[in-house]
Amino acid sequence: MAKVAPSAPASAPVEETPPPLHPLLGRLLAEHHLTSQDLDTLLKEKSPLPREMAPLKALLVQLKLVPEETLQQAQAELFGLEYRAQLEDVIPDPVFAKEIPIRYAKRFMFYPLQLTPEELVVAVENPEEFEPVEDAGRKFRRPVRHVVSTRQSIMSLINRAYNMANRGTEQAIEGFEAPDDGAPPGPGGWGIEEPEDLIDARDEEPIKRLLNSILYQAARSNTSDVHIDSTPSEVVIRFRVDGELHTVTTLPKAVHLTMINRIKVMSRLDISQRGLPQDGRTLILIAGRRIDIRVSTLPTVHGEKAVMRLLYQDQEMFDLRKLGMPEDIYAHVKKLIRQSGGIILVSGPTGSGKTTTLYAALREIDHHTNNIMTIEDPVEYKIPGYVQTEINPKLGLTFANALRSVLRQDPDVIMVGEMRDRETAIIAIQAALTGHTVFSTVHTNDAPSTITRLVDMGIEPYLVSSTVMAVLAQRLLRRICSHCKVQVEPDEVLLLELGLTSKEIKAVKTLYKGAGCGQCRGSGYLGRVGVYELLMMSDPVKKLLLTSNEANQIRDAATANGMVTMRQYGLQMVMAGMTTVEELVSAAKEE
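Once you know that position 19 of the sequence shown is 921 in my numbering, the rest is easy, because the numbers rise by one and skip nothing.
No lab work stands behind these hints, which were simulated from the structure alone.
Every clue listed holds true.
Below, computed lysine-lysine pairings styled on DSS-like, alpha-carbon distance capped at 25 Å:
| # | residue 1 | residue 2 |
| --- | --- | --- |
| 1 | Lys1284 | Lys1224 |
| 2 | Lys1415 | Lys1224 |
| 3 | Lys1296 | Lys1207 |
| 4 | Lys966 | Lys948 |
| 5 | Lys1387 | Lys1411 |
| 6 | Lys1387 | Lys1408 |
| 7 | Lys1110 | Lys1008 |
| 8 | Lys1236 | Lys1444 |
| 9 | Lys1296 | Lys1284 |
| 10 | Lys1110 | Lys1000 |
| 11 | Lys1224 | Lys1237 |
| 12 | Lys1415 | Lys1405 |
| 13 | Lys1236 | Lys1284 |
| 14 | Lys966 | Lys1224 |
| 15 | Lys1387 | Lys1224 |
| 16 | Lys1224 | Lys1236 |
| 17 | Lys1445 | Lys1237 |
| 18 | Lys1155 | Lys1110 |
| 19 | Lys1207 | Lys1155 |
| 20 | Lys966 | Lys1008 |
| 21 | Lys1000 | Lys1041 |
| 22 | Lys946 | Lys966 |
| 23 | Lys1415 | Lys1387 |
| 24 | Lys1041 | Lys1008 |
Cβ-Cβ distance ranges computed for the label pairs, FRET-style:
| # | residue 1 | residue 2 | range |
| --- | --- | --- | --- |
| 25 | Lys1387 | Leu1448 | 45 to 51 Å |
| 26 | Tyr1232 | Lys946 | 33 to 39 Å |
| 27 | Asp1314 | Asn1454 | 34 to 40 Å |
| 28 | Arg1240 | Glu1031 | 44 to 50 Å |
| 29 | Arg1176 | Glu1107 | 19 to 25 Å |
| 30 | Asp1393 | Leu1448 | 41 to 47 Å |
Every residue, glycine too, gets a C-beta built ideally from N, C-alpha and C.
With the hints as constraints, model all of the structure from the sequences given.
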């Protein structure tokens, strides 16, 4: 009888050895830039961890565990390389911009710092990307020495290098010849192009280089509008910066027709139609910054005028906290946004930042759990997570019609670009009465006048008082340039215009203004700051509205209930040295 071999004892489970840590993580842990808890957070987010340097750094930055500067410094130490956080002192050599395509440098995020007889010094973001850098070394026939820096510093260096190497506006028109018949140059004319970063552009056609140069200069100075005016003898280019128009340059008259044609092609307009106004839009990229451009052309006696409105698609601008509201108004607005059902109105003249305030308010609402829908004319900023609709009156899609349709889309929050007529206002009120939160704008000078405007539209006062939660009025005042800010003696006449008493004027010892410098183009102002007025629909205001819709009486009732007027807030800003008396008087005259 055959013997049966004894069964082998069950083996104990073998514990898997965790993979070794990436050397970068080891260094960060050793230098206490990363904790064991941070490592657990990493593993919960992504396991196994990336083995490549670039995705690992991206994960650390995304989770906000380690600042980019610390990562880059640790990476430099890991590779035994020099680390330079700032490259502002580097003067780019034009030969680098000529020999290395900017798109290539931005793709691999490197740029040469210095060329000596012995070596080529190159700033890199990721030392593991050695092939493009070695290619540059072979091009200049030098061994390469790597210097690690941050992405932002290298990008800034690349942009400065292009700006120095780029031919200026005056040079861009060299060799330019005006077409005889107004047709666009080249066989078949210009094609509609995909958005291309103007930093990367290497167009050979002078008119393209010229327009790219103008738009690049406009973006650098945060211009809101570019005006191209034709006179009998020349073309005048003007930028609107901080609400004021400035002449930037003048060009030969021969440039005008082809420049207008180029703008029309970019914005998909009819270049053969010169006798009627046209409206279009296009999207450009400048140093990675997306800018939506709304174009308007108008026939004049000296040729067509073009205005390009630049809408910077920067998400960080829509931050309620960064709008500069006084703390008490900010607290009230935050509370209003959390309420459901009712209308919140923002009022002010054109260009006072109403749309920015509305978007900033909407961003405080979770779009994952709320259906946020907007109706605009036109959609100025495309925001992920919002359902945005652009009205089209030619097709019968008005604010009122669009609002009716939106109400059938199960919305939680609705933004109506503007309450222009009674029909739109009535539908918005009906939406508020059924539990929807409605944001909108009204073109009035102050908050009390907004209430009056709604009643004048034919809305019953009891409907206004039961649905409108608050009105936020605002203006934009030019901010004193910090580079040339000086003390000045108070001007008693201007202070009297603002409503100060003689006793209050005597208490004012020192005010400020900008003397004018290169940073502010000699204007004394640089940037703008908001001044606000929040009217809450309190019980006294509601009670008054049932008997009177006079703006002055509404203002008195609101101020008695704690409302601080724009003029009062503006005076506080003047005393704090943020703006000037002249600027506040100019804004106050519109009230």
